[in-house]
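J.: Residue-level listing of the chains:
Protein chains: 2
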Amino acid sequence: MDSAVAREQALDAAEKLFYGRGVQAVGMDAVRTASGLSLKRLYQLFPAKDQLVEAYLERRDLRWRGRLAEHVERHDDPRERIPAVFDWLEEWFGEADFRGCAWINSYGELGASSERVVAQVRAHKRAFRDYLAGLVADAGLPAVLTGQVFLLAEGAMVTAGITGSAEPAAEAREAVRSLLGAV
Amino acid sequence: MDSAVAREQALDAAEKLFYGRGVQAVGMDAVRTASGLSLKRLYQLFPAKDQLVEAYLERRDLRWRGRLAEHVERHDDPRERIPAVFDWLEEWFGEADFRGCAWINSYGELGASSERVVAQVRAHKRAFRDYLAGLVADAGLPAVLTGQVFLLAEGAMVTAGITGSAEPAAEAREAVRSLLGAV
DNA sequence: TTGACGTGAGAACGACCGTTCTCTACGTTA
DNA sequence: TAACGTAGAGAACGGTCGTTCTCACGTCAA
Numbered sequence: 001m002d003s004a005v006a007r008e009q010a011l012d013a014a015e016k017l018f019y020g021r022g023v024q025a026v027g028m029d030a031v032r033t034a035s036g037l038s039l040k041r042l043y044q045l046f047p048a049k050d051q052l053v054e055a056y057l058e059r060r061d062l063r064w065r066g067r068l069a070e071h072v073e074r075h076d077d078p079r080e081r082i083p084a085v086f087d088w089l090e091e092w093f094g095e096a097d098f099r100g101c102a103w104i105n106s107y108g109e110l111g112a113s114s115e116r117v118v119a120q121v122r123a124h125k126r127a128f129r130d131y132l133a134g135l136v137a138d139a140g141l142p143a144v145l146t147g148q149v150f151l152l153a154e155g156a157m158v159t160a161g162i163t164g165s166a167e168p169a170a171e172a173r174e175a176v177r178s179l180l181g182a183v
Numbered sequence: 001m002d003s004a005v006a007r008e009q010a011l012d013a014a015e016k017l018f019y020g021r022g023v024q025a026v027g028m029d030a031v032r033t034a035s036g037l038s039l040k041r042l043y044q045l046f047p048a049k050d051q052l053v054e055a056y057l058e059r060r061d062l063r064w065r066g067r068l069a070e071h072v073e074r075h076d077d078p079r080e081r082i083p084a085v086f087d088w089l090e091e092w093f094g095e096a097d098f099r100g101c102a103w104i105n106s107y108g109e110l111g112a113s114s115e116r117v118v119a120q121v122r123a124h125k126r127a128f129r130d131y132l133a134g135l136v137a138d139a140g141l142p143a144v145l146t147g148q149v150f151l152l153a154e155g156a157m158v159t160a161g162i163t164g165s166a167e168p169a170a171e172a173r174e175a176v177r178s179l180l181g182a183v
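Top to bottom, those sequences are chains V and C.
Position one of the first sequence corresponds to residue 1 (the working numbering), numbered consecutively onward.
Position one of the second sequence corresponds to residue 1 (the working numbering), numbered consecutively onward.
Quick caveat, the hints were computed from the structure, so don't treat them as lab data.
Fair warning: there could be bad hints in the mix.
To be verified - Using 25 Å as the maximum straight-line C-alpha spacing, the simulated SDA-like pairs for lysine to any residue come out as follows:
#: 1; chain 1: C; residue 1: 49; chain 2: V; residue 2: 24
#: 2; chain 1: V; residue 1: 49; chain 2: C; residue 2: 71
#: 3; chain 1: C; residue 1: 49; chain 2: V; residue 2: 114
#: 4; chain 1: C; residue 1: 16; chain 2: V; residue 2: 116
#: 5; chain 1: C; residue 1: 49; chain 2: C; residue 2: 68
#: 6; chain 1: V; residue 1: 49; chain 2: C; residue 2: 21
#: 7; chain 1: V; residue 1: 16; chain 2: C; residue 2: 114
#: 8; chain 1: V; residue 1: 49; chain 2: V; residue 2: 72
#: 9; chain 1: V; residue 1: 40; chain 2: V; residue 2: 30
#: 10; chain 1: C; residue 1: 16; chain 2: V; residue 2: 75
#: 11; chain 1: V; residue 1: 49; chain 2: V; residue 2: 90
#: 12; chain 1: C; residue 1: 49; chain 2: V; residue 2: 113
#: 13; chain 1: V; residue 1: 49; chain 2: C; residue 2: 20
#: 14; chain 1: V; residue 1: 16; chain 2: V; residue 2: 5
#: 15; chain 1: C; residue 1: 16; chain 2: V; residue 2: 51
#: 16; chain 1: V; residue 1: 16; chain 2: C; residue 2: 118
#: 17; chain 1: V; residue 1: 49; chain 2: V; residue 2: 15
#: 18; chain 1: V; residue 1: 16; chain 2: C; residue 2: 25
#: 19; chain 1: V; residue 1: 49; chain 2: V; residue 2: 36
#: 20; chain 1: V; residue 1: 16; chain 2: V; residue 2: 95
#: 21; chain 1: V; residue 1: 49; chain 2: C; residue 2: 27
#: 22; chain 1: C; residue 1: 16; chain 2: C; residue 2: 32
#: 23; chain 1: C; residue 1: 16; chain 2: C; residue 2: 71
#: 24; chain 1: C; residue 1: 49; chain 2: V; residue 2: 25
#: 25; chain 1: C; residue 1: 16; chain 2: V; residue 2: 119
#: 26; chain 1: C; residue 1: 16; chain 2: V; residue 2: 113
#: 27; chain 1: V; residue 1: 49; chain 2: C; residue 2: 113
#: 28; chain 1: V; residue 1: 16; chain 2: V; residue 2: 58
#: 29; chain 1: V; residue 1: 49; chain 2: C; residue 2: 92
#: 30; chain 1: V; residue 1: 16; chain 2: C; residue 2: 119
#: 31; chain 1: V; residue 1: 16; chain 2: C; residue 2: 28
What the hints assert, rightly or not - Pulled a few chain C residues facing chain V out of the computed Cβ check, cut under 10 Å:
#: 32; residue: 22
#: 33; residue: 103
#: 34; residue: 104
#: 35; residue: 121
#: 36; residue: 126
#: 37; residue: 144
#: 38; residue: 151
#: 39; residue: 154
#: 40; residue: 174
Glycine residues also receive a C-beta, built at the ideal position from the N, C-alpha and C atoms.
Can you make the complete structure from the sequences, with help from the hints?
T.: As structure tokens, then:
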């Protein structure tokens, strides 16, 4: 009955390792050691590494979007919620273990070889974009802004990952403010 | 003396394979077969796979930026040159073998394990950004626009790669036109 | 002509990794 | 208590991959 606990332990270890070092660079042995589970238990929870990777991306997606929404919804003014997305990105970029967007990185690593990973990445990006579309609509702004805000966020994530700086968040927020102000 | 030719053959094969399938998914054996060179010749040109990867990124960087500049410089009006960057991206995204930005993908794949690859990626992105800075300055526009245009381009590249659609280029171009028009 | 050398083709080596198997110990239940 | 199922620890297996080695062959200098 505490296989739910074991599952969380496995995913905690997998997430830290996969995100920090890349999926292919981390062996199941490393996950075993970091999780404190036996290889047998690990394989009965996730019969193959693919499935562990998929579960890692899926769980992280829920947490990531949850944390974002939680931050954004502290703002009551719908107009302020869109720049608030970039405030949150800036905080995230500043975290010590930040190493870029997990989905963009996974796509770069496995996009050519795993259809399952591609599906996870597309689902996550689609969900993020849909969330932004909601914010844009709630603010009474034209829908064309959604794609523009989304691209700025993606550009900021990828650039912050590569350069290791949090500044792209501020640049993107300024651009968003210009685009919103021009309406 | 035709080791220059052999080098190009090796890099042609490596580029097609690394870009299309990912670096880690391609063995030296596949490069050997695709290039028509012997393993011995390959290893005397590039003593280790790392160096082949580095040379691949370096050569592609020169070609990529060359093609971009060639397209952009067909426009005489400095103001039109900035949107023209996105016209070129749109063409690129539409190519049959397009699979995202080679440097963003390489960062996702090897950013955590290869300092050399990270350096290549940063150098490429820095060069691209500097190029945009030149276009912005030549158009007599404020320098803050550089970062914004850059982020839109990065967002478009990453999104086009993940979704397989060329549309992000048009969205980014519209955003750029708004930002330029607001000045 | 001969012998040293470089080359191509591919076998071989050593390391790693995903996955499975073995063996032992322990807890549970009839 | 005795039999059984389960889990942990880690060895073992099979495959892959980067790299090196072997060997036969052609080439060129003395």
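J.: Each hint needs a verdict: does it hold in this structure or not?
T.: Hint-by-hint comparison with the structure:
Distance restraint check for residue 49 of chain C and residue 24 of chain V: the Cα-Cα separation of roughly 17 Å lies within the 25 Å cut-off, and the hinted pair is therefore satisfied. Of the pairs offered as hints, the one joining residue 49 of chain V and residue 71 of chain C is violated, with about 45 Å between alpha carbons and a cut-off of 25 Å exceeded. Our distance criterion of 25 Å between C-alpha atoms is met by residue 49 of chain C and residue 114 of chain V, whose separation comes to about 23 Å. With a C-alpha separation of about 23 Å, the suggested pairing of residue 16 of chain C with residue 116 of chain V holds against the 25 Å cut-off.
Annotation: proposed proximity of residue 49 of chain C to residue 68 of chain C is violated, straight-line Cα distance about 28 Å (limit 25 Å). Annotation: proposed proximity of residue 49 of chain V to residue 21 of chain C holds, straight-line Cα distance about 20 Å (limit 25 Å). About 19 Å separates the Cα atoms of residue 16 of chain V and residue 114 of chain C, which keeps this hinted pair within 25 Å; it holds. The suggested pairing of residue 49 of chain V with residue 72 of chain V is violated, with an alpha-carbon distance near 34 Å, which exceeds 25 Å.
Distance hint between residue 40 of chain V and residue 30 of chain V is fulfilled; the C-alpha atoms sit about 14 Å from each other, no more than 25 Å. Between residue 16 of chain C and residue 75 of chain V, the direct Cα distance comes to roughly 48 Å. Violation of the 25 Å bound is thereby established for this hinted pair. A distance of roughly 32 Å separates the Cα atoms of residue 49 of chain V and residue 90 of chain V; the hinted pair therefore is violated under the 25 Å criterion. Taking the CA atoms of residue 49 of chain C and residue 113 of chain V, the gap is near 20 Å; set against the 25 Å cutoff, the hint holds.
Of the pairs offered as hints, the one joining residue 49 of chain V and residue 20 of chain C holds, with about 23 Å between alpha carbons and a cut-off of 25 Å not exceeded. Distance check on the hinted pair: residue 16 of chain V and residue 5 of chain V sit about 17 Å apart at the alpha-carbon level, within 25 Å; holds. Pair hint residue 16 of chain C plus residue 51 of chain V does not hold up; C-alpha atoms about 29 Å apart against a cutoff of 25 Å. For the given pair, residue 16 of chain V sits about 20 Å from residue 118 of chain C by alpha-carbon distance, which is consistent with the 25 Å threshold.
Restraint check for residue 49 of chain V and residue 15 of chain V: the C-alpha separation of about 13 Å stays at or below 25 Å, so the hint holds. Between residue 16 of chain V and residue 25 of chain C the alpha-carbon distance is near 23 Å, which keeps this suggested pair within the 25 Å criterion. As the CA atoms of residue 49 of chain V and residue 36 of chain V are separated by approximately 17 Å, the hinted pair is consistent with the 25 Å bound. Distance hint between residue 16 of chain V and residue 95 of chain V is fulfilled; the C-alpha atoms sit about 14 Å from each other, no more than 25 Å.
Between residue 49 of chain V and residue 27 of chain C the alpha-carbon distance is near 21 Å, which keeps this suggested pair within the 25 Å criterion. About 13 Å separates the Cα atoms of residue 16 of chain C and residue 32 of chain C, which keeps this hinted pair within 25 Å; it holds. Pair hint residue 16 of chain C plus residue 71 of chain C holds up; C-alpha atoms about 23 Å apart against a cutoff of 25 Å. The hinted pair formed by residue 49 of chain C and residue 25 of chain V meets the criterion: a straight-line CA distance of about 16 Å does not exceed 25 Å.
Only pairs whose Cα atoms come within 25 Å are accepted, and residue 16 of chain C paired with residue 119 of chain V is accepted, the gap being roughly 24 Å. For the proposed pair residue 16 of chain C and residue 113 of chain V, the alpha carbon gap of about 15 Å is at most 25 Å, so the pair holds. The suggested pairing of residue 49 of chain V with residue 113 of chain C holds, with an alpha-carbon distance near 20 Å, which does not exceed 25 Å. Distance hint between residue 16 of chain V and residue 58 of chain V is fulfilled; the C-alpha atoms sit about 14 Å from each other, no more than 25 Å.
Restraint check for residue 49 of chain V and residue 92 of chain C: not satisfied, since their Cα atoms lie roughly 34 Å apart, outside the 25 Å limit. A hinted pair counts as satisfied when its Cα atoms are at most 25 Å apart, and residue 16 of chain V with residue 119 of chain C qualifies at roughly 24 Å. Only pairs whose Cα atoms come within 25 Å are accepted, and residue 16 of chain V paired with residue 28 of chain C is rejected, the gap being roughly 31 Å. Given the 10 Å rule on beta carbons, the hint for residue 22 of chain C holds: about 5 Å separates it from the nearest Cβ of chain V.
The interface hint given for residue 103 of chain C holds, since its Cβ lies 8 Å from the closest Cβ of chain V, which is under the 10 Å cut-off. Here the hint on residue 104 of chain C is kept, as its CB sits about 6 Å from the closest CB of chain V, short of 10 Å. Against a cut-off of 10 Å between C-beta atoms, the interface hint on residue 121 of chain C holds, since the closest Cβ of chain V lies about 6 Å away. Checking residue 126 of chain C against chain V: minimum C-beta separation of about 9 Å stays under 10 Å; hint holds.
Hint status for residue 144 of chain C relative to chain V: holds, with the closest Cβ pair at about 7 Å, below 10 Å. Satisfaction of the interface hint for residue 151 of chain C is found here, the shortest Cβ-Cβ separation to chain V being roughly 3 Å, below the 10 Å cut-off. Satisfaction of the interface hint for residue 154 of chain C is found here, the shortest Cβ-Cβ separation to chain V being roughly 4 Å, below the 10 Å cut-off. Nearest Cβ of chain V to the Cβ of residue 174 of chain C: about 7 Å, under the 10 Å cut. The hint holds.
Hint compliance for this structure: hints 2, 5, 8, 10, 11, 15, 29, 31 are broken, all remaining hints hold.
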